[in-house]
Each structure stands twice: as structure tokens, then as C-alpha cells.
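Next come the chains, spelled out residue by residue.
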Amino acid sequence: MKRRSFLKGTLATGAAAVAVNAGLLTPNVVLAADWNSKAFKAKTTDDALNSAFGSASVADSGDIKLKAPAIAENGAVTPVTVDASGIDGVESIAIMASKNTHPLVCEYNFGAGALGYVSTRIKMGKTMNVVAVVKAGGKLLKAEQEVKVTIGGCGG
Amino acid sequence: MSIKIRMRGKSKGGVAQVKALIKHPMESGARMNKKTGKPYPAKFIDMVQVSVNGTAAVDAQWSGAVSANPYMAVKLNANSGDEVTVSITDNTGAKGTKSIKLK
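If you're matching them up, the sequences are chains A and B in order.
With the working numbering applied, the first sequence corresponds to residues 1 to 156, in that order.
With the working numbering applied, the second sequence corresponds to residues 1 to 103, in that order.
With the rest of the complex left out, here is chain A:
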């Protein structure tokens, strides 16, 4: 960090630039507190759920449409789509890769202006289940699908 601010300081001239520099660094600290590091560093899906939603009791639901390939040729780019727009009052969707070192991949929280739908691409280390957890009306629902990975995504 020291070296970085030094470089920035030498490139920019004047005291104003130093002020901007300090301004750039502070929001980073604030955001780091917002990021749910406990949930993302959890080693099991249950721990991740407990940290993210405060509960690990999840019911299976047929209303969640989870779209993932049966066989992913490259685990580093596994397309995953979670469509829970058929459920009323979706508050958040979390996508987990059950056997990754840190299972929680991403978590989306929805406001009034959004539908419970998310499509993204995730990294998977080996063959495992993709779990989509949907929080709607205070309840946790999930859908699971196994994805066979032929090339590893995490460090492979």
C-alpha cells in the first residue's frame, strides 16, 4: 500500500491530488465492512447459509428454475441461471458450488424494482452440485443440480 500511494503521489502534483488519493482509499475500508466476509469464507454450505441468512434450514422448491449445464467442459466458466420470478416477494438469491473450498459464490439482494432472476458464470473446481438458495417471504428455498466438470476451474 505504501508503494502504491507513493507512486500515486509522485504522478499527481499538488495537495489537491493528495486529498483525492485519501478520498479514494477511505470508501474501500467502508465497503470491506459491508462485504459479508464471514459468509464468503465459510467452508461448508451450511456455515455459509448461517452467515448469509442466519439459518441453514432450507426447503426444496420446484418453483425455482435452476439452469446449469449437465456437463461443463471448462469449470472456470460454468453458466448458471436462477429464475425465481414465479415466487412472490423474492428478497435474495445466493448461488453456491457445494464442493468449492468456499462454497458461496455470489449473493444478490433485490429491491422493489427487480425480479427474482439472475444469470451469471461461476468457477467450479470439480464435479459437484450447484445450489441456488432463494429467500422469499422470510423462508429459504433451494434448487440443486449436479454439474460434471471435465477441466477444473479453481487453480487447475
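Don't take every hint at face value.
[Claimed, not checked] Going by beta-carbon spacing under 7 angstroms, a handful of chain A positions derived as facing chain B:
| # | residue |
| --- | --- |
| 1 | Glu107 |
| 2 | Tyr108 |
| 3 | Gly113 |
| 4 | Ala114 |
| 5 | Arg121 |
[As the list claims (entries may be wrong)] Result set (DSSO-like, lysine-lysine): computed pairs, CA atoms no more than 30 angstroms apart in a straight line:
| # | chain 1 | residue 1 | chain 2 | residue 2 |
| --- | --- | --- | --- | --- |
| 6 | A | Lys142 | B | Lys10 |
| 7 | B | Lys75 | B | Lys38 |
| 8 | A | Lys99 | A | Lys148 |
| 9 | B | Lys10 | A | Lys67 |
| 10 | B | Lys34 | B | Lys101 |
| 11 | B | Lys101 | A | Lys43 |
| 12 | B | Lys19 | A | Lys142 |
| 13 | A | Lys148 | B | Lys19 |
| 14 | A | Lys126 | A | Lys41 |
| 15 | B | Lys34 | A | Lys99 |
| 16 | B | Lys103 | B | Lys23 |
| 17 | B | Lys43 | A | Lys126 |
| 18 | A | Lys67 | A | Lys142 |
| 19 | B | Lys35 | B | Lys23 |
| 20 | A | Lys43 | A | Lys139 |
| 21 | B | Lys38 | A | Lys43 |
| 22 | A | Lys126 | A | Lys148 |
| 23 | B | Lys95 | B | Lys10 |
| 24 | A | Lys41 | B | Lys23 |
| 25 | B | Lys34 | A | Lys38 |
| 26 | B | Lys12 | A | Lys148 |
| 27 | B | Lys19 | A | Lys67 |
| 28 | B | Lys103 | A | Lys43 |
| 29 | B | Lys75 | A | Lys148 |
| 30 | B | Lys12 | B | Lys101 |
Because the hints were derived from the structure by calculation, they are not lab data.
Here the structure is a predicted model, which is why all the values come from computation and not from measurement.
Each residue gets a CB set at the ideal place from its N, CA and C atoms; glycine is no exception.
Model the placement of chain B on the given structure of chain A, informed by the hints.
For chain B alone, coordinates are given in the frame of chain A:
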């Protein structure tokens, strides 16, 4: 340097699908550099926000397990002409924002 984002969005019957493609290495911090035996330092997007006409609609947290050059699609209650903004921050503090008008 700001992070590059490419976006497309189209509204149909009050529901808009917005797609975003972000240019980012998404280094999780776990991958080892085989030559030095040390891990590549983590650099991944951790916060993503989508807003419609300035009102937050989707607020996401990501880990390093989202693929490199991430693709994201969300559905929003928005009409054509509405302004959709995606803003992202990575764990090193780098930021990126992009706004489009829905078709």
C-alpha cells in the same frame, strides 16, 4: 483505472432484461504462481449495484468464484427510456460504472 463494462438492456411489457459484461481478472487469491510458489494476489469484484433511474434495484456481493470477465443478467421492472446504471467495486477499491437507456 476504472473497470470496463459493456451493457445491453431491452424492456418488453414493463420487464427489462439487462445484461452486463465486465472486463476483470477475478483473481480469487487461491491460485498459485508455480514459478514463485506464492499465490497471485486477490483481485475480484465484491460489490455490484444495479439501479433504475437512480433507485437501487439489485445489490449483489460476489466472491472470487465468479468467472473471469464476469457476465451478469438481471430482470428489472423498467420501461424503455429508463436509465439503468451498473456500478461495481473490487476488493482493491477499483471502481466502474456504466449507464444505458433501455431500448
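Here's how the hints hold up against the structure:
1. Interface hint status for glutamate 107 (chain A): upheld, as the beta-carbon distance to the closest one in chain B is roughly 5 angstroms, under 7 angstroms.
2. Hint on tyrosine 108 (chain A) holds. Least Cβ distance to chain B is approximately 4 angstroms, under the 7 angstroms limit.
3. For glycine 113 (chain A), the interface hint holds, the least distance from its beta-carbon to any beta-carbon of chain B being 4 angstroms, beneath 7 angstroms.
4. Restraint check, alanine 114 (chain A) versus chain B: the minimum CB separation of about 4 angstroms is within 7 angstroms; hint holds.
5. At a threshold of 7 angstroms, the smallest CB-CB gap from arginine 121 (chain A) to chain B is about 4 angstroms, leaving the interface hint in force.
6. Under the criterion of a C-alpha separation no larger than 30 angstroms, the hint pairing lysine 142 (chain A) with lysine 10 (chain B) is consistent with the structure, at around 29 angstroms.
7. A threshold of 30 angstroms between alpha carbons decides the hint, and for lysine 75 (chain B) with lysine 38 (chain B) the separation of about 40 angstroms lies outside it, so the pair is violated.
8. A threshold of 30 angstroms between alpha carbons decides the hint, and for lysine 99 (chain A) with lysine 148 (chain A) the separation of about 12 angstroms falls inside it, so the pair holds.
9. The suggested pairing of lysine 10 (chain B) with lysine 67 (chain A) holds, with an alpha-carbon distance near 22 angstroms, which does not exceed 30 angstroms.
10. For a cut-off of 30 angstroms, the pair hint linking lysine 34 (chain B) to lysine 101 (chain B) is broken: about 45 angstroms separates their Cα positions.
11. This hinted pair does not check out: lysine 101 (chain B) and lysine 43 (chain A) have alpha carbons roughly 41 angstroms apart, beyond 30 angstroms.
12. As the CA atoms of lysine 19 (chain B) and lysine 142 (chain A) are separated by approximately 24 angstroms, the hinted pair is consistent with the 30 angstroms bound.
13. Between lysine 148 (chain A) and lysine 19 (chain B) the CA atoms are separated by roughly 26 angstroms; this keeps the pair inside 30 angstroms, and the hint holds.
14. At most 30 angstroms may separate the alpha-carbon atoms for a hinted pair to count; lysine 126 (chain A) and lysine 41 (chain A) meet this at roughly 19 angstroms.
15. Distance hint between lysine 34 (chain B) and lysine 99 (chain A) is fulfilled; the C-alpha atoms sit about 24 angstroms from each other, no more than 30 angstroms.
16. For the proposed pair lysine 103 (chain B) and lysine 23 (chain B), the alpha carbon gap of about 23 angstroms is at most 30 angstroms, so the pair holds.
17. Of the supplied pair hints, the one linking lysine 43 (chain B) and lysine 126 (chain A) holds, its CA atoms being roughly 22 angstroms apart against a limit of 30 angstroms.
18. Under the criterion of a C-alpha separation no larger than 30 angstroms, the hint pairing lysine 67 (chain A) with lysine 142 (chain A) is consistent with the structure, at around 13 angstroms.
19. Straight-line distance between C-alpha atoms of lysine 35 (chain B) and lysine 23 (chain B) comes to about 26 angstroms, which keeps the hinted pair within the 30 angstroms bound.
20. A C-alpha spacing of about 23 angstroms is found between lysine 43 (chain A) and lysine 139 (chain A), which places the hinted pair at or below 30 angstroms, so the restraint holds.
21. Taking the CA atoms of lysine 38 (chain B) and lysine 43 (chain A), the gap is near 22 angstroms; set against the 30 angstroms cutoff, the hint holds.
22. The straight-line distance between the Cα atoms of lysine 126 (chain A) and lysine 148 (chain A) is roughly 7 angstroms, inside the 30 angstroms bound, and the hint therefore holds.
23. Between lysine 95 (chain B) and lysine 10 (chain B) the CA atoms are separated by roughly 25 angstroms; this keeps the pair inside 30 angstroms, and the hint holds.
24. Distance restraint check for lysine 41 (chain A) and lysine 23 (chain B): the Cα-Cα separation of roughly 24 angstroms lies within the 30 angstroms cut-off, and the hinted pair is therefore satisfied.
25. Among the hinted pairs, lysine 34 (chain B) with lysine 38 (chain A) is consistent with the structure: their alpha-carbon atoms are about 29 angstroms apart, no more than 30 angstroms.
26. Taking the CA atoms of lysine 12 (chain B) and lysine 148 (chain A), the gap is about 35 angstroms. The hint is violated against a cut of 30 angstroms.
27. At most 30 angstroms may separate the alpha-carbon atoms for a hinted pair to count; lysine 19 (chain B) and lysine 67 (chain A) meet this at roughly 17 angstroms.
28. Between lysine 103 (chain B) and lysine 43 (chain A), the direct Cα distance comes to roughly 43 angstroms. Violation of the 30 angstroms bound is thereby established for this hinted pair.
29. A distance of roughly 28 angstroms separates the Cα atoms of lysine 75 (chain B) and lysine 148 (chain A); the hinted pair therefore holds under the 30 angstroms criterion.
30. At most 30 angstroms may separate the alpha-carbon atoms for a hinted pair to count; lysine 12 (chain B) and lysine 101 (chain B) meet this at roughly 14 angstroms.
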